[in-house]
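Residue numbers are given in my numbering: position 41 of the first sequence equals residue 41, and the series is strictly consecutive.
Hints are supplied without guarantee of correctness; some may be wrong.
[What the hints assert, rightly or not] Here are the computed lysine to aspartate or glutamate pairs in the EDC-like style, where the Cα-Cα straight-line distance is at most 16 Å:
| # | residue 1 | residue 2 |
| --- | --- | --- |
| 1 | 209 | 59 |
| 2 | 344 | 59 |
| 3 | 408 | 391 |
| 4 | 15 | 391 |
These aren't lab readings, by the way, just hints derived from the structure by calculation.
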Amino acid sequence: MIIQRPKGTQDIIGKTALKWQYLENEIRKICSEYGYQEIRTPIFEATELFQRGVGETTDIVNKEMYTFLDKGQRSITLRPEGTASVCRAYVENKLYAQAQPLKLYYLGPMFRYENTQAGRFRQFHQFGAEVLGGEDPLVDAEVIHLIWEFFQRLGLKGLEVHLNSVGCPNCRSEHRIQLQNYLQRRKADLCEDCQTRFERNPMRILDCKNKRCQSLTSGVPTTLDTLCNDCQEHFSQLQSYLKIVGIQYKINPKLVRGLDYYQRTAFEVLAEGIGAQNAICGGGRYDGLVKEIGGPPTPGIGFAMGMERLLAVLDMQKVEIDLETEEKVLIAALGDKARQEGFKLSGELRRNGIPVLMDLLGRGLKNQMKYADREGVRYVLIIGDEELAKDIIIVRDMKLGDQKEVPKETIKQYLLQNINNI
RNA sequence: GUGGAUAUGGUGAAGCGGUUAACACACCGGAUUGUGGCUCCGGCAUUCGUGGGUUCAAGUCCCACUAUCCACCCCA
């Protein structure tokens, strides 16, 4: 049996790799327009960072982390998400000394040990952005605006933005009491997971997908019902900002995200038609996180977008991506002398920005033509003994199917004038 | 962690107990010596995910394992 890639990983090749490049370019473009700087943090971190940052009660920490001991007996974890690392870097590099709010974005692989299915991988890729040091609802609005704008530019349709506020620690404790009171009598009817959640993290009972739990929680007090005045005000201001710029959203009082650090604003963007895993973007506010991992009290908000799922939506909606098909040149040389000349010429042309292929396998002319055809080459430069003798090169236009003799000295100018992607 | 489906050449696939494992595409070679895409001709799985079992006989039935896909939980 040949060695194959680990479960839940993928080789990104060919046309797909071009799509990734396209997306990455769009991401960098929009981030710079919104004033975000790139941050590159390690792919692995101390396990404790995620335990404290993401939260002990989360599925991520409980069952999905790639954790191992290194040779120094340190517990290391491949990052399952980006926010904790960014906050760690913020504290460690004292970025709070810079102009606030600090706006950072990242792009890269994340790792979660899960069973795979459509849209779920063990190594997947996220584009994420974080704003640290800004509490104003305008910050939240701008973050959501970036996401919205990004999807618009990609030409995606029919996406739903779900919005909720899960409150701050103050109103959360009130909510917890009300929720537990409400569910106390029916506790026994809850699913096994929710029985545990009842004590550890009752809020997450709200978004349990179990049908029985859902019916039990249909009239349950939501976090929106128990928001304190400040949180209420924050949430309504955010909404009015969103309305002003025409962002459509749905209030979803049961949207409770699976990461412990969220406070106040929580949101998800959902897409149809890509399988059961339909969240292509998720995020929220995490005002307590920086302090939690040992930094100064700093408000923060961010999101993460799943690249694979984004690509899946793009494919599903048949969005045409402009995969620059550049016009290439192939030098078809016949004989040793011609190969030497051709090799020399290839360097000169490339130095002028002309993409050049050469036959490297010593094929005959016929097969070089075939190779050129398969590689989508526009111009084949044929050099053989006859051409060497006359100091010319035959330039064959593969698209038009005609060819002409061009003096060797003017070949560069000729190509520069005729290739339209230079 | 749990459940379901699937596993035949580079790819898509026929075959569902009985002599040489269809077919298509791709690939390779050829059709007057130096010209691609179209056409024609030829080549291309001693073998059916792995291991075991049933049988006179197994790609075809049974069991286990592994992998893939989808789904549950949760999420990107």
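Where does the structure disagree with the numbered hints, that is, which hint numbers, in rising order? 2 and 4
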